[in-house]
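Working from the sequences, and respecting the hints, build out all of it.
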Amino acid sequence: KAGVTQTPRYLIKTRGQQVTLSCSPISGHRSVSWYQQTPGQGLQFLFEYFSETQRNKGNFPGRFSGRQFSNSRSEMNVSTLELGDSALYLCASSLAGIYGYTFGSGTRLTVV
Amino acid sequence: GIQVEQSPPDLILQEGANSTLRCNFSDSVNNLQWFHQNPWGQLINLFYIPSGTKQNGRLSATTVATERYSLLYISSSQTTDSGVYFCAVEPSGGYQKVTFGTGTKLQVIP
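Protein sequence lines, in the order shown, are assigned to chains Y and W. Using this note's numbering, the final residue of the first sequence is 112, and nothing's skipped along the way. Using this note's numbering, the final residue of the second sequence is 110, and nothing's skipped along the way.
Check before you lean on any hint, since a few could be wrong.
To be verified - With a straight-line cut-off of 35 Å between C-alpha atoms, the simulated DSBU-like cross-links for lysine-lysine are:
id	chain 1	residue 1	chain 2	residue 2
1	W	K97	Y	K13
2	W	K54	W	K105
3	Y	K57	W	K97
4	W	K97	W	K54
5	Y	K57	W	K54
6	Y	K13	Y	K57
7	W	K105	Y	K13
8	W	K105	Y	K57
What the hints assert, rightly or not - Distance windows between CB atoms, simulated:
id	chain 1	residue 1	chain 2	residue 2	range
9	W	G41	Y	T20	19 to 25 Å
10	Y	K13	W	R58	38 to 44 Å
11	Y	S22	W	P8	33 to 39 Å
12	Y	G3	W	N30	24 to 30 Å
13	W	Y69	Y	S79	39 to 45 Å
14	Y	A2	W	T80	23 to 29 Å
15	W	Y48	Y	P8	29 to 35 Å
16	W	S26	Y	P61	24 to 30 Å
17	Y	Q54	W	K105	28 to 34 Å
18	W	G52	Y	F69	33 to 39 Å
19	Y	N77	W	P110	40 to 46 Å
20	Y	S65	W	V64	37 to 43 Å
21	Y	T20	W	I44	23 to 29 Å
Think of the hints as simulated: they come from the structure by calculation, not from any bench. Values in this document were obtained by computation on a predicted structure and should not be read as measured data. Ideal Cβ positions, reconstructed from N, Cα and C, are used throughout, including at glycine.
Here you go:
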């Protein structure tokens, strides 16, 4: 079966711009979660979507938003980018909760 | 929120050595999973282990939920075991967000 697909793999943006990242989950998985990984902060939970509804949200500013479509694909958006937003953004899909958690390869975002 | 601490933070092993990685969590959990992040950043599932013991080849894991810890054992380590090991927990009580531990960075040298 196809894995979790994240696009793009790499991205360079300028401060103040906005960015949209995409995550296509494993077929049949209805839960998609997003994480930010930085060297100093480890893996930080951004949000989780289940059947198009945001079920949980981490402690990130409102500049970080997301959505999930009826086919379970998810997007996250970061507006007004800051240098500190440079990170590896990972998404994980699962049937429910942490069981069967499968991660994509991530999108490495660099803000200059 | 729940706190998840892993120890040791860093570990250097000679190829062939054994090691034990620990994950402590501060509250009751419904689920726990171990992951390995390879040097290219890919996170791979190792074990889904909310309680009990599981083994997969040279790796095994034990979770004692009542005492709020989990252990990951790596035997006869190989250079391909290098990377960062994370535990992640799903706290008890409805739809709780998954929390990752601080990670153990393992380097296996030939």
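**Report entry** Indices of hints not satisfied (ascending)
**Finding:** none
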